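Trainee: Residue numbers (our numbering), protein chains in the order written: chain E, 4 to 799; chain W, 2 to 163; chain A, 22 to 348.
Please keep in mind that the hints were generated in silico from the structure rather than gathered at the bench. Fair warning: there could be bad hints in the mix.
As the list claims (entries may be wrong) - Chain W is faced by these chain E residues, among others (derived, beta-carbon under 10 angstroms):
#	residue
1	L35
2	L673
3	L708
To be verified - Pairs of lysine-lysine, DSS-like flavour, derived with a Cα cap of 27 angstroms:
#	chain 1	residue 1	chain 2	residue 2
4	E	K198	E	K789
5	A	K330	E	K773
6	E	K627	E	K164
7	E	K773	E	K198
8	E	K647	A	K330
9	E	K318	E	K198
10	E	K53	W	K11
11	A	K171	A	K330
Stated by the list, open to error - Computed, partial: chain W to chain A, Cβ under 8 angstroms:
#	residue
12	P23
13	D29
14	D45
15	L46
16	T48
17	T53
18	P60
19	L62
20	T66
21	L67
22	R69
23	G135
Computed from a predicted structure; not experimentally measured. By construction, the Cβ of each residue, glycine as well, lies at the ideal position given by its N, Cα and C atoms.
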Amino acid sequence: MAKSASGPAVPPHPLAPASGKGYRLIGRRLPLVDAALKVTGRAEYTDDLKRPGLLVGRLLKSTQAHARIAGVDVSAARALPGVAAVLTGRRFPTPFGVLPMTHDETALAVEKVRHYGEWVAAVAAVDEETCEKALRRIEVRYEPLPVYDDPGVSERPVTEKIHARALRDTNIQKEVFQHFGDVPRAFQEAFAEVKVQGRFAGVNHGFTEPHCVLAEASPDGRLTVWSATQVPHYLLRALSEVLGLPLHRIRVIKPEVGGGFGGKSDPFPHEIACAALAVETGRPVKLLLDREDVFYVNHGRHPTRNLVRLAADEKGTFTALDVEALLDGGAFSSFGVVTTYYNGVLALGPYRLPSFRYHGVRAYTNHPPSGAMRAHGGTNIRYSLEMAVDALAERLGRDPVALRLQNLLPADTQTVNEFRITSNGAEACLLAARDRSRWRERFRQLPYGEGIGVACGFYISGSNSPIHFTPRFPQSTVHLKVDVDGGVTIHSGAADIGQGSKTLLAQVVAEVLGIRMDRTRVAAVDSDTAPVDLGSYSSRVTFMMGNAAKRAAEELREALAQAAGDILGEPPAGLVFEDERIHRDGSPEVGVDFLAAVHRAMEHRGALVASGSYESPPMGGTFKGAKAGTAPAYSFSAYVSQVKVDLETGFVDVKKVWAAFDCGRPLNPLAVEGQIEGSIHMGLGQLLSESMDYRGARLMNPSLLDYKILAPQQMPEVECLLVGGEDPEGPFGAKEAGEGPLIPVLPSVGAAVHDALGIRFLDLPLTPDKVFRALERARREGTARKPPLPGETREG
Amino acid sequence: MTASAPLHLKVNGVPLERSVPPNRILLDLLREDLNLTGTKRGCDLGTCGCCTVLLDGVPTLSCLTLARLAEGAEVTTIEGLGEHGELTALQRAFVEHGATQCGFCTPGFLLAATALLRDHPTPSRQEIQEALSGNLCRCTGYVKILEAVEAACRTGLPAPSP
Amino acid sequence: MHLEPFELHQPATLDEALQVAASHPGDFDYLAGGTDLLPNYKMRLNPRGHVIALGGIPELHAFAPEAGTFGSLVTLRQIERDPVIARDYPGLSEAARQVATPLVRASGSLGGNLLVETRCFFFNQSASWREALGYCLKAEGDRCHVVPQKERCYATFSGDLAPSLLVLGAEVDLVSFQGPRTLALDDLYDPRGDGIRRTRLLPGELVVRVRVPPEGRKSRSTYRKLRVRPAFDFPELGVAALLSLEGQRVRSLRLAVGGLETYPRSFPTLTGPLEGTTLTDESIAELARRVQGMVRPVHNTFLAPDYRKRMTEVFVRRALADLRGAS
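Produce the entire structure from the sequences given, and follow the hints as far as they go.
Mentor: Take a look at the structure:
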């Protein structure tokens, strides 16, 4: 089913990577280093951990969407035998949040509740049954407030602000205006313009492991927190701020994490509340969320409305892009400032756009908070933009692939908002996807009801501006330690959440040192020993942690080369590291074992330690918001998808996706394919059936039965085409592959459905009832037919 | 009679007797009482399949099974696959084909797939999909899981004659 | 998620089961596979103080496909895997295969599927969710959130097997303290109930077995299920159809639907007149339209009710076209 590019139809492309030629491990299909633990059930997740004297923690959900808390009576709960502590929001009221400028979450609701399911009180007790009894005995008196379930209402003057910090007399959390070039004029002078209005339901990460946290306050005054988190370091900061403990007295440990996708990247109220219970009781407390809580704490992709206008000249060259976005932020800020920018600026690649205007609003509502989810901020705007490009192609009678090829940014350029573009495989992606899919024979030529569509994608390979940037620490640091045993311990703060960052660390270090991967061991993450890494979000780990690891290994390599050179009487610069030996280039017999070199280097010095770090170069403009979306590299992509629609029922069957992706040099194609395939599954879920289904402020489907993640039978055939070149700054030429692969699947299928039916769907998810209704309308109006075939498609 | 009563089980081949209350769920018995934490709690309501175990050889949702009703049964959890620390062909295939990412759904998939291949050594792709359609995976898009199951079938077969 | 304490009874005979039930009127549930009851218990949906597990009663496990006799504790997995059922009653086989997931089917039983608790967006929610909205008629409350009034519950019948057994003319053997009796499956469900009481079962009455008359074997049958995903989901609509021909003429034609209303229903007044006729595209289409005209789904599942209604026509038409084509 899924495989890397193979077979006769793909012409070798000049940008195709050298598949790791010259490297032993880089570019090879390597199993993940923790896979054996995972297939035997031995991998430890937070809920698998036990501590002596462990208490169970549970949280009380709000039964109001928006209400002032007039009083909480916990006396009956406290009196229950077996209850160790009951906390309410007033005990630890300091607000926190992932972004330093928008701290508006609290461990437990303090003065009011802002969404159904928000936590109002926390209980620690000897067992789950007692916790539940205690929760039932807590009396909360609410004074209901006006409920806001529509960002369209929240962006106007309101009678009750959800947060005092909202702008003016509205519930707007963040508003962004940007304008580059002269957009009004470009539209005046445009030969053609298209307008697309998109509407997107919110979606949830749907990781299989519910959030879980275990906290223990020990008598020596330290607090240890084990948590299923993507960013141990942000959790540590939030714990310190809210609990008033100095950073050095807190230890955060990240066990295995059962999926994150952005949903475990904020510091979370339950993490703080659990730590607070541990502090209060002096005993270890474990708090596992039930699946309903996971949906309420959410921080998933924003319900979004956007408006995209695209202008072009008579040749089809894009001249202006005008974007408006209205985001339903839900009850809290989370990454909202970033999300608001991203929903505009991430439209600025891969096409050359000489003028751009953006107005973005993120408004608070009484829905569960929205936040960052895989391909954060880049998914919904991309859908509308690519639909606009598709519509423009139709308007101009152009082939959608050709029109895109014509408008691509080159490599080594700058966008109108001063994004620095370096390596750029967009063209290679488009060509590969076009040719492998036999686009020219299929587009507009399949029978009515079947279709093929194309879309491009573009995503940051790590955010250039780290969230905690003053003073300017490196974004990632990796430490290595080698002792007499010759094993290389890799200390990293980067969170492996299943994407394989531990494997990457082992691979990079082993490559540089010419050793086997099993000589390394990855210690990630224990904040007591790991250097700070800004965590697994913004698709930054391969690029930033990879570079840090490479540098650390190179430093170690230098020391070992010196030692080997001493033993051999050879100049260190001429030595080669391979097959666990260090030897003269071209003469393996003139060499020493890795271990011998380690021992020599350790003389009079002890264990070898090395450190490498990564800090992205300065970039971006000086205008307000200029840093948003800047990245040391960008991934590019082009997918072609083929669908078949049941014309009587409206069911969309996605048959095949040709996924061409430029992640620079794929360091581990097996892992990259896994990211692409998983992204396609997740993206198709958002496209076809997943939605946070709100009626008013109420979430109707907080369960994995009613929140509809796709079943295995719905997965299309996937052909991964890894066609990027090498990135000049990425480790071994690599760029991200964790989030970008999600982006193009939605619009490519949207375009394929348009090709199939002549209907462009702009309201996701595209459930069968919606498709059916649109088909009925099209049949009534006599528009149910294939759009015309552009002459250009077949000529190519 | 809400009181505990003795329960006799064979777990991963080891017979045991436990005093278990009527409302004890098999998943809790395995994870909390027997410390067999390889069986995962994903939704706790019978949808996701993370808690799958083999109950007398049949892939079963341990989150929807009363422990007491497993009296006399043979329970196989992920810890019970393979012998003497050796991985089974299926486990090896999961490792080699990248079928695990976060790993949280992996035990459930392995048990469901183990039962499938025992009953049906050469399933078609569609049969594999059907057999695994009670297990949710959010990381892999299922592709590498299906490939791994197919690969395990191949390794279980005699080599094709040239 | 733990369950609230209950007393567990494990009777070895029907009599014993009935006795336990009789001594705890209104405060017991029978437990078969548990895949319906236990999630509901976990969500605190009408848990009872006594759970009577039926697994120890041998006759409930009776499985005689050749004779068309199935004990109520026969699992869905047994049904879907049985070659005799696949040959003689393909519609039943197809229906079993489309229930939820293979894992649910491993435990889920025939009897449990026939008596599956009706479902509704406002009912199948946690205790705190329901508390936040105000409890509904079906659990602890006194009003319906779907069709606002206080008399009737509109939760949807969501079993897949009932429609396919209805078209096979199945009968159910029941037993209660008053003794055994047999009902046509059609009569098990009571359309005049208030939606909460949906069957004609007496207090404590048990389904012992389902019997399918042998005529079913001479007919072709099929089951088509509307759901968003090809796994996991309950039916948004289920259509079972049975057809046997004598030459070109219809000897018997039956249709039943589930997933739309509070009970599964068949349409003898619509299908009866077609017996003895020759099916044409037109007569099939007309029948499908008339079935559609009779069903009244409400907005309490994932897909919109108007769509489920429209799909009834499509699914009926397709099911009959399949059967006619295969004949």
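Trainee: Could you check if W/L67 really has its C-beta closer than 8 angstroms to a C-beta on chain A?
Mentor: holds, 7 angstroms
Trainee: Can the restraint linking A/K330 and E/K773 be considered satisfied, given a maximum Cα separation of 27 angstroms?
Mentor: holds, 14 angstroms
Trainee: Holds or violated: E/L673 as interface residue toward chain W, Cβ cutoff 10 angstroms?
Mentor: At about 4 angstroms, which falls below the 10 angstroms cut-off, the nearest Cβ of chain W leaves the hint on E/L673 intact, so it holds.
Trainee: Please verify whether E/K318 and E/K198 have alpha carbons no more than 27 angstroms apart.
Mentor: holds, 19 angstroms
Trainee: Quick one, is the W/G135 hint okay against chain A at 8 angstroms, beta carbons?
Mentor: holds, 3 angstroms
Trainee: Does the closest beta carbon of chain A sit nearer than 8 angstroms to the beta carbon of W/P23?
Mentor: holds, 3 angstroms
Trainee: Measure nothing beyond the straight line between the CA atoms of E/K627 and E/K164; if it is 27 angstroms or shorter, mark the hint as holding.
Mentor: Status holds; Cα separation ~26 angstroms.
Trainee: Given a cut of 8 angstroms on the nearest C-beta pair, is the interface hint for W/L62 held or broken against chain A?
Mentor: holds, 5 angstroms
Trainee: Verify the proposed pairing of E/K198 with E/K789, using a straight-line Cα cut of 27 angstroms.
Mentor: holds, 21 angstroms
Trainee: Against the 27 angstroms threshold, does the CA-CA distance of A/K171 and A/K330 hold or violate the hint?
Mentor: holds, 25 angstroms
Trainee: Is the shortest C-beta separation between W/L46 and chain A less than 8 angstroms?
Mentor: holds, 5 angstroms
Trainee: Using Cβ atoms only, decide whether W/D29 comes closer than 8 angstroms to chain A, and label the hint accordingly.
Mentor: Holds, about 7 angstroms.
The structure meets every hint from the earlier list without exception.
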